[in-house]
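Using the sequences provided together with the hints, build the complete structure.
Line order of the protein sequences matches chains A and B.
For what it's worth, the numbering used here labels the leading residue of the first sequence as 1, then goes sequentially.
For what it's worth, the numbering used here labels the leading residue of the second sequence as 1, then goes sequentially.
Treat the hints loosely; a few may be bogus.
What the hints assert, rightly or not - Straight-line alpha carbon distances no greater than 25 Å define the calculated DSS-like cross-link-like pairs of lysine-lysine that follow: (1) Lys90(B) / Lys166(A); (2) Lys90(B) / Lys167(A); (3) Lys90(B) / Lys102(B).
In case anyone wonders, no lab produced these hints; they're calculated from the structure.
Residues per chain, in single letters:
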Amino acid sequence: MTDTLFFYAFALMTLAGAVLTITRRSAVHSAMWLIVSLSGVAGLYLLQKAEFLFAVQIVLYVGGIMVLFLFVIMLVNLDLAARARQFNRQWQLALASALAVGGVLFYFIRQGAGAFQPASPPVSSPVVEGNTERLADELFSQYLLPFELASILLLVAIVGSVVMAKKRI
Amino acid sequence: MLHPITTAHYLVLSAALLLVGTIGVLARRNIVVILMSIELILNAVNINLIAFSSHLQQVTGQIFAIFVVTVAVAEAAVGLGILIALFRNKETVLADEVDLLKW
Chain A
1 MTDTLFFYAF ALMTLAGAVL TITRRSAVHS AMWLIVSLSG VAGLYLLQKA
51 EFLFAVQIVL YVGGIMVLFL FVIMLVNLDL AARARQFNRQ WQLALASALA
101 VGGVLFYFIR QGAGAFQPAS PPVSSPVVEG NTERLADELF SQYLLPFELA
151 SILLLVAIVG SVVMAKKRI
Chain B
1 MLHPITTAHY LVLSAALLLV GTIGVLARRN IVVILMSIEL ILNAVNINLI
51 AFSSHLQQVT GQIFAIFVVT VAVAEAAVGL GILIALFRNK ETVLADEVDL
101 LKW
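Structure below.
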């Protein structure tokens, strides 16, 4: 019951924030509404008992990426862009095709909605340990190689963004 | 009156968020907002992964979501770096004014 109410509250937060993000004229307002939307997604993680990802979402998205966005908005002069037309010439086509894809998606979700019976929990899984411990166990045993590759990806991204932001490339 | 929330609810929400993000990428002119819409799309994917992770009572979906977040961070950093370089060279942040590759 409370779960249902919280789901609808967070879903409203997420979707309203997303719609306002893509319709606001000022990029700073867009960033603020994106924070609302991402916080709503964080709440949904908490409802699904993914506590570690809830913390990651708040710290990394709302705390990290959004600050990065706001810094870039301040570095780049957006006054001209705020006064210009906000949507490009093919926006009607974009809207129509997105709605068509949405129709297909919702049709198939509706068709398969009956199949979503919750799985019975596996007998071997110990339920006493928390979400973060389980994640860490899996991440550092079965997914160790992808984890290390992700560090290389982040290194490449750091070097790449520094090179991109240099005065002379 | 209020139905319990199933995985299908999360899938519908995730599809709606994906569509909003797609419309943002396709229809907006401001590159900053386009990058934000990409973040929305990646978040929609993450909602899906978490929903199925709790649906199947496995933690694998959450680990994949962590990798998606990692890629999103790398993408945002490089994308904003490219945006700064673009603004320095062409003095614009509107996507349809960058038409060097147009015939």
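Hints versus structure:
no.	hint	result
1	Lys90(B) / Lys166(A)	holds (15 Å)
2	Lys90(B) / Lys167(A)	holds (14 Å)
3	Lys90(B) / Lys102(B)	holds (16 Å)
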